[in-house]
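Participant: Taken in sequence, the protein lines are chains R and P.
Be aware that the first sequence starts at 1, since it is given in the numbering used here, and climbs by one per residue.
Be aware that the second sequence starts at 1, since it is given in the numbering used here, and climbs by one per residue.
Just so you know, these hints were derived from the structure itself, not from any lab.
All C-beta atoms in this analysis are idealised placements derived from N, C-alpha and C, irrespective of residue type, glycine included.
Be aware that a few hints might be false.
Chain P regions said to be covered by chain R (calculated; three or more residues, Cβ under 8 Å) [unchecked claim]:
hint	region
1	110–119
2	122–128
3	258–265
4	303–315
Here are the simulated distance ranges between beta carbons [stated by the list, open to error]:
hint	chain 1	residue 1	chain 2	residue 2	range
5	P	G434	R	M180	45 to 55 Å
6	P	L139	R	M180	48 to 58 Å
7	P	A515	R	D189	56 to 66 Å
8	R	R83	P	Q561	52 to 62 Å
9	P	L207	R	L167	42 to 52 Å
10	R	D189	P	R321	32 to 42 Å
So, partial list: chain R residues that the calculated Cβ filter (under 8 Å) puts toward chain P [stated by the list, open to error]:
hint	residue
11	V100
12	W114
13	L115
14	M273
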Amino acid sequence: MITWPNFVSQLFNGLALGALLALIASGLTIIYGTLGVLNLAHGAMFMLGGYAGFAAYQASGSFVVAVVAGTLALLLVGLLMERVIVRHFYARPHEDQLLVTFGLAIVFVETVRWLFSSESKTVSPPAALAGITPLGFMMYPTYRLAVVGIVAVALLVLFLVLYRTRLGMIVRAGIEDAMMVDCLGINVDRVFMVVFGIGAMAAGFAGIVNAPIVSLTPEVGEAILVQTFVVVVIGGVGSFPGAVLGGLIAGEIISLTSMVNPGYAYVMLFAAMTLVLMIRPRGLLGAHGRE
Amino acid sequence: MSVDRIDSPRRPLLVAGVTAAALIAAPFVLPWLGAAPNTVNRILVWGLFGIGFDILFGYTGLLSFGQSALYGTGGFVAAYLLTRAGFPYIVAALLIGMAAAAAVGYLVGLVALRRTGIYFAMITVAIAEVFYFVEFNPLADWTGGENGLPGVPTPSVNLGFTTLHFTTGWALYPFLAFCYFVGIAIALRIVRSPVGVVLRGIRENPLRTAAVGHNVHGYKLAAFVIAAAYAGLAGGLLGVLQAFMPPEAFTFETSGQLVIQTAIGGRGMLFGPLAGAALWLFLQDFLQGPLGLGATWKLVLGLVFVVLVVFLREGILGGIRDLYRRVARRKGEEDAAGAEPAGTPTRPPAATPAPSREHAGNGFSGPIMQTISLTKHYGGVAANQAIDFSVDAGEVRGIIGPNGAGKTTFFRMLTCEVLPTAGTILFKGRDITGMDMTEVCQLGLTKSYQVNQLFNRLTVRENVTIAALAALRGKFRLDLMRRLSDISGLDGRVGHTLELVGLAGRRDTPVAQLAYGEKRRLEIGLALASSPSLLLLDEPLAGMSPTERAETVRLLKSIGQERTMIVIDHDMDSLFELAERITVLQEGRVLAEGRPADIKANTRVQEAYLGGLNGAQA
Chain R
1 MITWPNFVSQ LFNGLALGAL LALIASGLTI IYGTLGVLNL AHGAMFMLGG
51 YAGFAAYQAS GSFVVAVVAG TLALLLVGLL MERVIVRHFY ARPHEDQLLV
101 TFGLAIVFVE TVRWLFSSES KTVSPPAALA GITPLGFMMY PTYRLAVVGI
151 VAVALLVLFL VLYRTRLGMI VRAGIEDAMM VDCLGINVDR VFMVVFGIGA
201 MAAGFAGIVN APIVSLTPEV GEAILVQTFV VVVIGGVGSF PGAVLGGLIA
251 GEIISLTSMV NPGYAYVMLF AAMTLVLMIR PRGLLGAHGR E
Chain P
1 MSVDRIDSPR RPLLVAGVTA AALIAAPFVL PWLGAAPNTV NRILVWGLFG
51 IGFDILFGYT GLLSFGQSAL YGTGGFVAAY LLTRAGFPYI VAALLIGMAA
101 AAAVGYLVGL VALRRTGIYF AMITVAIAEV FYFVEFNPLA DWTGGENGLP
151 GVPTPSVNLG FTTLHFTTGW ALYPFLAFCY FVGIAIALRI VRSPVGVVLR
201 GIRENPLRTA AVGHNVHGYK LAAFVIAAAY AGLAGGLLGV LQAFMPPEAF
251 TFETSGQLVI QTAIGGRGML FGPLAGAALW LFLQDFLQGP LGLGATWKLV
301 LGLVFVVLVV FLREGILGGI RDLYRRVARR KGEEDAAGAE PAGTPTRPPA
351 ATPAPSREHA GNGFSGPIMQ TISLTKHYGG VAANQAIDFS VDAGEVRGII
401 GPNGAGKTTF FRMLTCEVLP TAGTILFKGR DITGMDMTEV CQLGLTKSYQ
451 VNQLFNRLTV RENVTIAALA ALRGKFRLDL MRRLSDISGL DGRVGHTLEL
501 VGLAGRRDTP VAQLAYGEKR RLEIGLALAS SPSLLLLDEP LAGMSPTERA
551 ETVRLLKSIG QERTMIVIDH DMDSLFELAE RITVLQEGRV LAEGRPADIK
601 ANTRVQEAYL GGLNGAQA
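Work out the full structure, taking the sequences as your base and the hints as a guide.
Facilitator: Here's what the structure looks like:
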């Protein structure tokens with residue numbers, strides 16, 4: 001039964017999911033845009049962020065500590081992964097990059113399963129954000145409202161880093177032409193490592209922020225990865241604004257379709273992706289030649 | 001380096017024979033090694049699934065992470081027929097499932113193949129996920145949702161005098177082994193057919209494959225449908241094997257496992273997925289059983305996979321093949337040391353004139369190529385502005401102009417690689433504006449590129465074969481079971497082209513091992529092999545040594561006797577020697593046109609090149 005409050009609350013759910021997807025997709029898309037590597041372990045990184053945060057939460061009991069720990073842990077994972085493995089694949093074909101990151105995704109998921117078992121884990125939101133907020137005509141979980149704000153701030157930080165710093169300028173230049181950036185005498189190796197770290201960090205942050213909404217399992221990243229792909233295809237590879245727009249569109253589609261029939265959420269998402277591919281193959285905000 | 005040779009007629013028979021022998025011997029040998037029959041059967045199903053996937057990934061270069069959609073489709077269609085619909089014919093049901101998967105594959109391919117590379121990978125993942133959810137929800141009444149379809153019967157085949165019952169374990173094995181054998185025998189034909197050769201071309205260089213006149217999208221779709229058919233049959237067999245069609249067939253994990261097994265076993269060899277499945281499933285049994293690792297087995301296998309991808313690029317079979325080749329080469333070198341020096345030295349280009357070809361332009365006179373006010377803008381930059389240009393059949397035309405004059409853009413418009421902003425292109429009097437590169441090549445107009453566009457991991461002969469096939473078979477043809485040797489005129493055309501460009505002695509050398517000058521000549525050879533009536537050459541002499549230049553000019557002269565050519569180059573002495581008329585472009589416009597002597601004397605041309613004394617722009 002679709003009622004007005006039900007519809008609005010689904011809109012909010014879509015916004016929260018969309019904001020998260022936007023953040024994760026931004027990480028994926030700047031890594032791909034700059035390094036040319038499609039990171040199939042990105043969903044697993046989202047999951048790792050959740051578990052790293054969960055471990056910190058258990059040790060400290062503080063949600064803030066959990067968020068910081070989840071984010072920093074993934075920064076470290078990203079830096080290490082680039083340094084030890086991904087770096088050796090820049091010169092290899094795209095397919096090899098897909099294979100190795102896919103393999104790493106399995107290793108991440110199975111390591112977590114080994115350490116934490118397959119049972120689902122929950123992280124409680126901080127007391128201040130627990131409970132329900134009355135919005136006048138409806139009640140809505142406070143934490144979900146907060147997530148929209150938290151993620152919006154994170155996206156803003158990412159935006160400022162990308163568009164207002166020297167590093168961001170190098171990254172954006174690298175997305176257009178990595179070889180040229182290399183020729184300009186910029187230490188691309190270090191930039192690449194940092195970009196991978198930032199992308200991983202964004203996924204990890206999203207993972208722990210999401211943990212109080214959906215309980216953690218080792219497989220939680222898999223569905224997110226697929227949704228992130230759709231976001232990137234809709235928004236356009238290598239485009240930060242595209243990732244944000246695509247994320248919001250995908251979030252609303254999933255959420256509003258679920259209200260009618262959850263079974264069709266993916267079908268609608270896929271239909272939207274197909275539509276974009278038909279009308280504008282490079283994505284809504286994608287540029288030519290980024291493939 | 002070439003993944004395999006396309007032209008040894010006896011090898012497929014030998015391979016098929018060895019495969020048959022191995023499949024027959026397996027039930028007698030494998031039990032001694034402690035293999036459970038159920039594991040062996042599962043390996044066969046994965047191996048069959050992987051044959052089609054290898055044609056898609058290993059041969060065509062399209063890495064799909066969505067094969068589970070087709071595996072599941074074939075499996076559930078067959079299982080539904082055999083259980084709920086009460087359809088009694090098992091083999092027929094399997095074939096219907098296979099056909100359904102192929103049909104679905106066609107539709108999926110239409111969407112997924114709109115993009116290439118990582119986009120293709122992402123789209124296939126998304127599509128497969130949709131199938132998974134559709135199976136669980138909207139179609140749950142037909143598919144059993146999360147319960148799957150239990151009660152899939154085992155096959156029995158009535159031979160007239162007796163009926164064979166294939167039940168479980170080793171009793172089911174012959175049925176699966178037979179399916180695998182038929183699958184591999186057909187695949188061996190496919191990869192050695194003209195289509196198989198074109199698919200390799202697409203893997204190595206899709207742009208050039210299209211430019212020599214093949215419908216790349218059509219062939220990719222064909223590869224996708226072939227892979228879907230194999231997936232569908234394998235899915236059906238999974239139901240038969242387990243007496244139950246599990247919904248897990250549709251999961252991303254299925255697609256992932258297929259990719260992993262193919263990468264581990266080795267791609268582009270057809271048997272890779274079988275080898276990979278054997279390793280994966282045996283290790284799984286071993287880690288879970290004797291080692292008692294329980295659920296951690298997958299972590300170990302994941303690590304094994306990562307290590308293999310990092311260190312053994314071509315997989316297990318690829319590693320064995322490379323080792324074998326290294327040993328064979330060493331042995332070959334020892335043998336050759338006593339006899340004559342190894343390898344025939346490169347011969348300079350033969351100066352024999354090319355024979356006349358079907359559409360070599362001799363049936364056509366007058367202007368073969370005309371442009372009317374041809375214009376190309378890139379944003380605010382006008383690369384070409386209102387170019388009126390005409391070349392007569394039989395002419396050799398040179399185009400010169402300073403860097404940035406718009407020469408290459410002009411060529412790209414003529415071959416329909418880029419769409420003009422305004423203006424018309426007429427080829428043999430026909431308006432070709434807005435056609436695609438492939439069609440234009442089929443009409444007899446092609447180009448050799450300024451930067452080499454070759455099929456790098458294939459041999460010289462294979463390179464030229466790809467181009468010649470487009471001329472002999474048209475832009476799209478599904479002659480999947482045809483042998484290359486059955487195509488009349490192919491050997492002659494390839495041999496002749498190689499003679500002409502002086503690479504006959506290097507025919508079995510992989511392109512990656514050629515010297516630069518040889519690559520440039522092969523670049524021209526690819527254009528020649530499609531027997532164009534109008535050949536465009538974009539800086540054929542660029543980067544060559546003086547000797548190579550002289551040789552190449554000689555080659556171009558002999559080619560020019562039989563067809564119309566337009567040549568861009570910066571080497572004016574060579575071009576003035578070669579061309580009958582010269583067109584000078586500057587800043588996107590025609591500056592001058594005339595015989596070489598007139599151009600040399602033209603003061604405006606001199607200004608354009610020397611900067612001029614009157615302040616004209618360089």
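Participant: Could you run down the list of hints and mark each one as holding or not?
Facilitator: Against the structure, the hints:
Residue count for the region 110–119 of chain P with a Cβ under 8 Å from a Cβ of chain R: 7. That meets the three needed, and the coverage hint holds. With a threshold of 8 Å between beta carbons, the proposed coverage of the region 122–128 of chain P by chain R holds, since 5 of its residues qualify and at least three are required. Only residues whose beta carbon comes within less than 8 Å of a beta carbon in chain R count, and the region 258–265 of chain P has 3; three or more means the coverage holds. As drawn, the region 303–315 of chain P meets chain R at 6 residues by the rule of a beta-carbon pair under 8 Å; at three or more, the given contact holds.
Judged by the Cβ atoms, the range 45 to 55 Å given for G434(P) and M180(R) is violated: they are separated by roughly 33 Å. The hinted range of 48 to 58 Å is satisfied by L139(P) and M180(R), whose Cβ atoms lie roughly 50 Å apart. Distance hint check: the CB atoms of A515(P) and D189(R) are about 33 Å apart, inconsistent with the given range 56 to 66 Å. As the Cβ distance of R83(R) to Q561(P) is approximately 60 Å, the hint placing it in 52 to 62 Å holds.
The hint said 42 to 52 Å for the Cβ distance between L207(P) and L167(R), and at roughly 34 Å that hint is violated. Taking 32 to 42 Å as the suggested C-beta distance range, the pair D189(R) and R321(P) conforms, at roughly 34 Å. Hint on V100(R) holds. Least Cβ distance to chain P is approximately 5 Å, under the 8 Å limit. At about 5 Å, the closest approach between the beta carbon of W114(R) and any beta carbon in chain P falls short of 8 Å, and the interface hint on this residue holds.
The beta carbon of L115(R) comes no nearer than 10 Å to any beta carbon in chain P, farther than 8 Å, and the hint placing it at the interface is violated. Among the interface hints, the one on M273(R) holds; its C-beta lies about 6 Å from the nearest C-beta in chain P, closer than the 8 Å criterion.
The structure is inconsistent with the numbered hints 5, 7, 9 and 13, although it conforms to all the rest.
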